[in-house]
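Asks: Single-letter residue listing:
Protein chains: 2
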Amino acid sequence: MQVFSVAGLPDFQPGMDLSQAIIEALAAQNTELMAGDILVIAHKVVSKTEGAVIDIEQVTPSDEAIQLAAEVNKDPRKVEVILRQSSRIIRSMKRPEQEEGTIIAEHKLGFICANAAVDESNADHVGQLITLPDDPDASAMNVCNALEKHFGCQLGVVVSDTFGRPWRLGQTNVAVGLARVPAITKLDGSDAWGRELKVTAPAFADELAAASGLLMSKDGKCPVIIFRGLAWQASESKAQDILRSKREDLFR
Amino acid sequence: MQVFSVAGLPDFQPGMDLSQAIIEALAAQNTELMAGDILVIAHKVVSKTEGAVIDIEQVTPSDEAIQLAAEVNKDPRKVEVILRQSSRIIRSMKRPEQEEGTIIAEHKLGFICANAAVDESNADHVGQLITLPDDPDASAMNVCNALEKHFGCQLGVVVSDTFGRPWRLGQTNVAVGLARVPAITKLDGSDAWGRELKVTAPAFADELAAASGLLMSKDGKCPVIIFRGLAWQASESKAQDILRSKREDLFR
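Same order as they appear, the protein sequences are chains A and B.
Each residue of the first sequence is one higher than the last, beginning at 8 in our numbering.
Each residue of the second sequence is one higher than the last, beginning at 8 in our numbering.
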């Protein structure tokens, strides 16, 4: 497997054509995409080109946001955006030594993560908040279709975001949008010695997203990573297929 | 970055020399390790060579194990081993439609995962249980030292296991033992536009482990994956450095 980044992408702004920018950047590095290549794209560049950005100056916080913001010492306007992006707050807490506390929310698309994935890093200016795209699967498919048309071969696209984990420090990238890439690899039910494997199902899309973090430096300069040489079958997976149902959840 | 597997490794048994087997398999595929190469090794082959395997026929379950086993419909002897490997049971539950329920435990080394990482897949025979190595960091360093001596260059080793996640389906590999590989990459505190990034710290070792899952098929034939071409600095990290302290944990 080879993994490489797309160099020289521009600073993306609302209305820019992400697919065209990737095509041009690949041309500049003399790279053609090949059948089976998978692109992992940081959601931030998708969000920016789709205009999923919010100027904090334009936000009027609700009473609920003001109350929660006081509890965790965050800007009430940012908390208002977090609440708008959420279906539910799962946990909120500020320890005495923290300057800002933690809000773990269930995003309205079902993802459970800090701040409902509302992010102010890599925004274009202080006070700009970036949210997830409205429909990250559709975003992934738009880019996939455009690149497949240009390169004349079947590709896959994962839109990723950077999430923390409950019991482990640091962050890894996970898949929040999928085009053709299977969410989970169904194994054939036997291990190397033919015994039934009841519960093993590699989270293929999340493995790709996590791997992209090895090259996708958070400084935002490498938001598109390409994987070549993997054996995989195209699927109809949606990113929601990765989510554990509330009924099966032990930790919500 | 190039990622490739070590082909032709044997079925490992207690007492076998894992490092020597890797050296021989690499020689057979005409591959020399190079400075900066990182190996991710599935803990199962480490556990097997170190004898961290238990014959379920030799286990006498305690009353606590018998009670918990009844609750989740597992073999009481397997539950006994899970309890011995655990410092605490975090959750246990069996839904009516499940044949076997779920035990989420805190392993005595601090990892929170299903069944305290006790596994019967890829065991050599039915009734054999595989546990984590006693000291996975030491295991990683043993292999790292032997390979560094043979190849004459600085390497890194991650020992991995396959964990589920609370809110996401499927499994990803995570790091349970480290030699020279940093647990977490400390970023320089600014994003692409110079803004302070307060909370971003990529879980480098876990990114490597997750990426290894793309090539480390669960059928057990590819337990050693090599990463080449990454920029990284050797560290004194231990796998415990990845663990969130109980005090900061919102979900224990």
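Calculated directly from the structure, the hints in this document are not laboratory data.
There could be a bad hint or two in this list.
The list makes no distinction among identical chains, and a pair is therefore deemed to hold if it is satisfied within one copy or across any two copies.
As the list claims (entries may be wrong) - Calculated cross-link-like contacts (lysine-lysine; reagent style DSS-like; alpha-carbon spacing at most 27 Å):
1. LYS253 to LYS156
2. LYS101 to LYS193
3. LYS253 to LYS101
4. LYS101 to LYS228
5. LYS228 to LYS253
6. LYS156 to LYS228
7. LYS115 to LYS156
8. LYS156 to LYS101
9. LYS228 to LYS193
Asks: Each hint: holds or not?
Replies: Hint by hint, here is what the structure shows:
Taking CA atoms no more than 27 Å apart as the test, LYS253 paired with LYS156 passes in neither setting, with 39 Å inside one copy and 51 Å between copies. In this homomeric assembly, LYS101 and LYS193 come within 27 Å of each other (Cα to Cα) only across copies, at 23 Å, whereas the closest approach inside a single copy is 40 Å. In the homo-oligomer, the alpha carbons of LYS253 and LYS101 lie at most 27 Å apart both inside one protomer (26 Å) and across protomers (15 Å), since each shortest distance falls under that limit. Taking the shortest alpha-carbon separations for LYS101 and LYS228, neither the intra-copy value of 32 Å nor the inter-copy value of 46 Å comes in at or below 27 Å.
Proximity of LYS228 and LYS253 under a CA criterion of 27 Å is satisfied in neither setting, with 36 Å inside one chain copy and 35 Å between copies. In this assembly of identical chains, LYS156 and LYS228 lie within 27 Å of each other by CA distance solely inside one copy; the values are 26 Å within and 37 Å between copies. In this assembly of identical chains, the alpha carbons of LYS115 and LYS156 never lie at most 27 Å apart, being 32 Å within a copy and 53 Å across copies at closest. Taking the shortest alpha-carbon separations for LYS156 and LYS101, neither the intra-copy value of 49 Å nor the inter-copy value of 48 Å comes in at or below 27 Å.
Taking CA atoms no more than 27 Å apart as the test, LYS228 paired with LYS193 passes between copies only; the shortest distance there is 17 Å, against 34 Å inside one copy.
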